[in-house]
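Peer 1: Chains as they are written, first to last, in our numbering: chain A, -2 to 213; chain B, 513 to 847; chain C, -6 to 231; chain D, 6 to 433.
Calculated directly from the structure, the hints in this document are not laboratory data.
Certain hints may be false.
[As the list claims (entries may be wrong)] Mimicking SDA-like on lysine to any residue, the simulated pairs with C-alpha atoms at most 20 Å apart in a straight line are: (1) B:Lys673 x B:Arg578; (2) D:Lys287 x D:Ser233; (3) B:Lys673 x B:Ala543; (4) D:Lys326 x D:Ile350; (5) B:Lys621 x B:Phe546; (6) C:Lys231 x B:Phe546; (7) D:Lys213 x C:Phe185; (8) D:Lys213 x D:Ser388; (9) B:Lys673 x C:Met229; (10) B:Lys518 x B:Arg578; (11) C:Lys231 x B:Pro678; (12) B:Lys683 x B:Leu669; (13) C:Lys19 x B:Leu527; (14) D:Lys292 x A:Arg(-1); (15) B:Lys673 x B:Asn684; (16) C:Lys231 x B:Gly540; (17) A:Lys58 x D:His305; (18) D:Lys300 x A:Leu52; (19) D:Lys213 x C:Ser178.
[Stated by the list, open to error] With the C-beta cut set under 7 Å, the calculated list includes, among others, these residues of chain D facing chain C: (20) Leu364; (21) Pro365; (22) Ala382; (23) Ile407; (24) Leu411.
Glycine included, each C-beta is placed from N, C-alpha and C at the ideal position.
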Amino acid sequence: MRREVPLLITAVVGITFVVKYFVPHFPFNRMDAWFADWFSIVQACAIVLGALNLLKLSALKVIGQKSGWGYALVIILSFMLITVIGLAEGSDYRDPGTSFDWLYVNMFIPLSATMFSILAFFVASASYRAFRARNYEATVLLIAAFFVMIGRVPVGDVITGFMPEGYRFSDLAIWIMDYPQTAGQRAIMIGIGLGVVSTSLRVILGIERAHIGTGD
Amino acid sequence: MTTRTKELIAVAAILVFALIFYIGRVSGWQATEFSTGTSIVVVVLLLASLLWMLALTIRGRLIGRRVVFLYVGVAVAMPLFMKLSQEMPVSLAVLGVYDAVMELQPGSKVLIACDYDPPTAPELQPMAETFIRLCFQRDLKIIIMGIWPQGPQQANLALEKILAEPEIAAKNLEYGIDYVNLGFQAGNEFVIQRMGGSFKSMFRTDYGGIPYDDLPLVRNVRNFSNIDYCFNLSSGFPGTVEWVQIAVDRYGVKLGAGNTAVQAPTVYPYLSAGQLTGLLGGMSGAAEFEIAADARGKGTKYMLSQSVSHIVVIAFVIIGNVAFIMSGRRSALKG
Amino acid sequence: MEAFFEHFRLWLAAFLTLGIFSFLYKDNPWYKLTEAIFVGISAGYWFVVLFWDNFHGKFWVGAGEYSINWVVAKLTGAQAPPPPDSSIDFMLWVGAFLGLLMLLRLVPKIGWISRWPLAFIVGSTGGLWLINYFASNVMVQAQATMVPLFSSAFGTGFDQNADAVIGALIIFLGTFSGLVYFFFSKAHTGVFGGTARVGVFFLMITFGASFGYTVMSRMSLLIGRIDYLLGDWLGMIK
Amino acid sequence: MKRTCPTRPELSSRQFKSLLAAAALLLIFPGSLLAQQTFVQTDTITSADTLGVQYTPAPPQNVVAMDTPNDGGGSIIITWGPSPDDFDGGKVKLYRILRAEYNGGQPGEFTEVGDVPSGKAEYENEDGNTTDDIMYLYRVMAVNRMTNEAGEIEEYTSESPATDPVTSSAQWFDSRRINALVGVILLCSFIIYFIQQARAGKELYIRKIAGMEAVDEAVGRATEMGRSIYYVSGLGDMDNMQTIASMTILGRVAELAAQYETHLAVPVCRSLVMVTGREVVKEAYSKVGRPDAFKPDQVHYLTDDQFGYAAAVDGMFVREKPATIFYMGQFFAESLILAETGNSIGAIQIAGTAMPAQLPFFVAACDYTLIGEELFAASAYLSREPKLLGSLKGQDIGKGLILIALIVGMLLETFGIWQFSNLFSVID
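Kindly generate the complete structure, drawing on both the sequences and the hints.
Peer 2: Rendered as structure tokens:
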């Protein structure tokens, strides 16, 4: 019962959604929209589980005075702060001028923009370390990256200024993006398509059943 | 002195430095700007130190990742102080926006649709500022709106900045008569579509809650047919693609656009098909627009930052390969 | 008071920005504090957004409120609400039901029931993407690769420029050899292995090119943050 | 028929009303009136013309209305040929489509349902706002617009005869998608056939995949060093195939970790993935006979936010210094933030994703990367179960057919035969 029912649900629902693609008739034509709505409602319910888990682990740290318990306390406090304000604010919580918006603009945005911008440093250090002509594959990668990078700044065209128009670094960069890059992407995409079909089929047939867990 | 003491001293130094400059700012210090001479010296020093790094590598000393980080930080920060102007030609796509604005009669109504948020502001904010300034200089009326929640907020920041500039402040522009911010409206591309019928149905009040009909500038603006030019700043969906498909194709609006570098390639076809009068793409687009409007500002500076940081990344790729060859082509995976 | 908030605002954002940047040097108490604030604030942010936009905005507005009003009216004998218009969709109750089953995890004894909504989600995802990926990734991409080697057919003339021919050939060769690389059930030896090696060559160009292409947009993010610190906060640059 | 109205911006009350009506309609049916409001140029009336005969265009020809095929109902397609006056500089500026309900042999009042600018050789327009089982009649009106000396716009129109009554209906099969149906059945049959073959005991050869070969070694290394293993499943939620694939791989990795008695931590950023991950890891632990070693909080939630998650996981990496890190699933910009930090602490990193934009970053910063399809093959590969390996063989047959199709398609195209490649076209 605990194993069979989920397997059956997976199979029936999976096959229905495959069939849906070929049937324009109601109710099949509405299933995409329904599923999207259902999923977002389930997400909203499930985040309660996630949030409780985060709070529980943090609280255990604080109670046990484990190393870093102070930071765990900060997690709890900042979570409570924004949640209480956001829920009290009502469904217009996001309008300019609300306290929620203040927290969003002055804390959330600087934090995520900075974390995102860290990427600039990591891109540099990764290029420094990884783009080395270690072997034949790495050399190809290095050359392609180098030409595209230099083709995207004005300096690139200054260096190749002696060449006729259409044969400068920027043109080379565009050519690499348009042809060999597109070809590689396409091979990857076709492969992914086949992989997804095979994985979905295994899931629907119940051969791959990790998600339904143990019998108890 | 232990490392810990050194670190504490460093943090204290940063704090003192910040306090001094913050107090300075509050008490009215002017912004720092390098002269051309200083700028050249800084760039030369940067390049020279990169060469030194190369030399160190050749002599067998590997550079750690923190050094790379430091260089990236410096390469981005220093050009922001510089006045050095990279000479670059203004492309036709950018001129398209500039010319369209210059052709408008004084008093024409321009709609600015701000569909972006703070993460993409480095690229799009300079465009917004230059565009707003150009409109005010030409005595055009500005109507701002957004279908991204934070777009109108970004526009307010730009407005605040431009209105404070002496040249514009001298015009004594008035809210509601010379410019209006209608704020954000949820509903993605359907907002554009309904605006084709009536602006008022989508924006009952402006950003600050003033009823639509109490704003003299827009009181008689019924829909797109009362708008002379439209400029869209976009960093994704919904954005320029939707504006072209609905406002241009269906309602015949004249549209120019500013896009992030990532998005610009998808919009390019509309430019060649004539559905866009012009396109500013990424930081280089912002910089070129500033050059065209003869108002070198952040876009030009940012572009310089971007070029210098690019050169630094390329330099480190070269240094990395030198290090690899020097180390006898052994696997330097974790170098 | 307002002036104080303005100063506080600038320093708060600067404090958080520098806290994240300090991680580049090494892990430290400042980063740990910033990270804790970030985790708490962002988890709470998404909690609020999911509650108001997904649960309230979709389910409550779309079905829940109306249904409950209706039931309450029936029970109390009050006047029933007007018949539902097109904005009410009772199918949303299915989502609420699945969500409720998911929440049963909080009750250890019957927590296993949460596998049912999970099975439902995994099954529908599998079915949905099986066919969508086949159509959009396999069929569309295969068709896009089948282009004439010469941009007009043999019969209608032969005036081709070399660029177009080379371009079409490269796209074909790249896609073909790249796919050969992905074969799992055949040893990569001989001609087959050689083709797979060409495939790897194309994959590496692809990776290098997209890496190089992305560098530029990543830099602009950092420029924005440094501009905040030096400009908005310290006023050192205009 | 003649309608007079002043030019913009002053509007006559009539035009104003129709605009208001159009706006109201747009509010009610945002998606259905896509073809409304076409703006057209007007010519100027040069001589006084009270009758308007010389400006009235001829009506459009061959107006036909039919139910839209392969749809879910609620839509009728109207086609017509141009009016003889429809040419560059001709009298037709646009066409209006008029519709009336047809009840008991009596047509109702004709109202406008859309308009189309002139200048095409053939016209096709969809009225996407019909009710199934109601009969409709359609007329198409050719419209000329002129500006008179007073600056007012005058319209001269003529209508086609009404079409035969037509109703819209929904279909049970989209015949345009038969190619996808055949393709998918073919591919699935191969996969199922080889799964059966493998079940029956047939030996299948599967080549080595470097990243997968390294999994044992990577888990072993963590055991030797006495450090933990981190498994990062990306930003995708359970409605994403990459996440589902990631969960199946997590099962195999968890089995190994349980066997080696090495601590496995799975920080996640989606609550549903946390729930699923727990089931998966628990199942894996009991499969190798160590159910007591499983702790639910091995799989824990941090935050739904992309960068908040990256910041927290980065912090864990540098503090706990795991010996081995797996990245499997859907990744965005955080891929390099995580992988560079993982690299800096010297962990062995194995990544796998089907996000083409992030693959280069993983290739640059990780020791092994599973590219696209390899991610979906990984769980079968790691399990070594014959039936799962059989599905890989089935996939390969599909791949082989596509390779052949690519060659055939390209050659036929080159010789001007495009019917073959059209077999692969997909209707949205």
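Peer 1: Provide an ascending list of the numbers of those earlier hints which the structure does not satisfy.
Peer 2: Violated: hints 1 and 5.
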